[in-house]
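Engineer: Chain by chain, the residues:
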Amino acid sequence: MNESREDKAAAARARMAELAEKFIDRTRGELATMREHLAKLAAGDASMLGEIHQLAHRMAGTGATLGLVPLSECAAQIEYLAEIPAPGAVPNAAALAQLSDALDALEKQLRSAAL
Amino acid sequence: MNARALKSLLYVDDDADIREIVQMSLTLDGEMTVLLCGEGEGALRKMRDERPDLVVLDVMMPGMDGPAILARMRADAELADIPVIFMTAKADAQEVARFRQLSAIGVIAKPFDPMALTSQVMALWKSHHE
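Heads up: the protein sequence lines correspond to chains D and C, in order. Mapping to my numbering: the first sequence position 30 is 30, numbers consecutive. So the mapping is simple: my numbering equals the position in the second sequence, first residue as 1, plus 1000.
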């Protein structure tokens, strides 16, 4: 039997709700990874900024497409802060503190998304 | 010029969730074959093997990004004529102009509305053939 567009749309919405739950779980793990990257960045490993940027970029895009707008906005702020100022440059203390605050905001948002 | 039917499309994105959502969205109307790939080299192979009518590329991907894949396509006689659409979170006028200069037929902004993606793709496809 052929599915109607309405049936397919309903199935797609249900699948997106599942993907959103999985996305929230995965984002928890990626937040921990970003915190590790930030610690290495603070210790002088400039390459970690690009890693944080890449994770945040994907998180922002996927979150928004899945309708998790506040979470996506937190990720977009991290992505913005992790824009590479110059090749090999390590952000100064104030910029590192801003990134840390942005990760805290993401964690807060993840907690409320899980409620 | 009449738009020929859009029967097959290859979507390239490193994010598996987005690939799945795009496939669900573009098959809601049941008319299109949607091929998927998560990285550039595999995408180029799939284009040669499957000859999709249209390629939709995410812009920012690790390794070969969307513009780099397009450059490889345009330098390859087998793939040079396949139309390309970019999908990007940075769809401001300047970026859209830059992508069009690279020969993209259009740009779709991310995040997209999954229920409206087919009509966005079809509008760009039709305007390309006008």
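Hints were generated in silico from the structure; no laboratory data involved. Treat the hints with caution; some may be incorrect.
Chain D stretches covered by chain C per the calculated footprint, using a threshold of three residues with CB under 8 Å from any CB of chain C [what the hints assert, rightly or not]: (1) 4-10; (2) 82-89; (3) 94-107.
Here are the simulated lysine-lysine pairs, DSS-like style, with alpha carbons at most 30 Å apart [what the hints assert, rightly or not]: (4) K1090/C <-> K108/D; (5) K1007/C <-> K1126/C; (6) K1007/C <-> K40/D; (7) K1046/C <-> K8/D.
Covered by chain D, per the in silico footprint, the following chain C stretches (three or more residues, Cβ under 8 Å) [stated by the list, open to error]: (8) 1013-1019; (9) 1022-1030; (10) 1072-1082.
The C-beta atom is built at its ideal place from N, Cα and C for all residues, glycine as well.
Engineer: Each of the hints needs a verdict: does it hold here or not?
Structural biologist: Each hint, compared with the structure:
Proximity of the region 4-10 of chain D to chain C, defined as three or more residues with a beta carbon under 8 Å from a beta carbon of that chain, is established by the 3 residues found. Counting residues of the region 82-89 of chain D whose CB falls under 8 Å from any CB of chain C gives 0; the rule of at least 3 is not met. Figure legend: the region 94-107 of chain D, annotated as covered by chain C; annotation inconsistent (0 residues with Cβ-Cβ distances under 8 Å, at least 3 required). Between K1090/C and K108/D, the direct Cα distance comes to roughly 26 Å. Compliance with the 30 Å bound is thereby established for this hinted pair.
A hinted pair counts as satisfied when its Cα atoms are at most 30 Å apart, and K1007/C with K1126/C qualifies at roughly 13 Å. At roughly 48 Å between alpha-carbon atoms, K1007/C and K40/D are farther apart than 30 Å, so this suggested pair is violated. With a C-alpha separation of about 27 Å, the suggested pairing of K1046/C with K8/D holds against the 30 Å cut-off. Chain D is given as covering the region 1013-1019 of chain C, and this holds because 4 residues of the stretch bring a CB closer than 8 Å to a CB of that chain, at least three being needed.
Here's how the region 1022-1030 of chain C fares: 6 of its residues keep a CB closer than 8 Å to some CB of chain D, so the rule of at least three is met and the hint holds. Requiring three or more residues with a Cβ within less than 8 Å of a Cβ of chain D, the coverage given for the region 1072-1082 of chain C is violated, as only 0 such residues are present.
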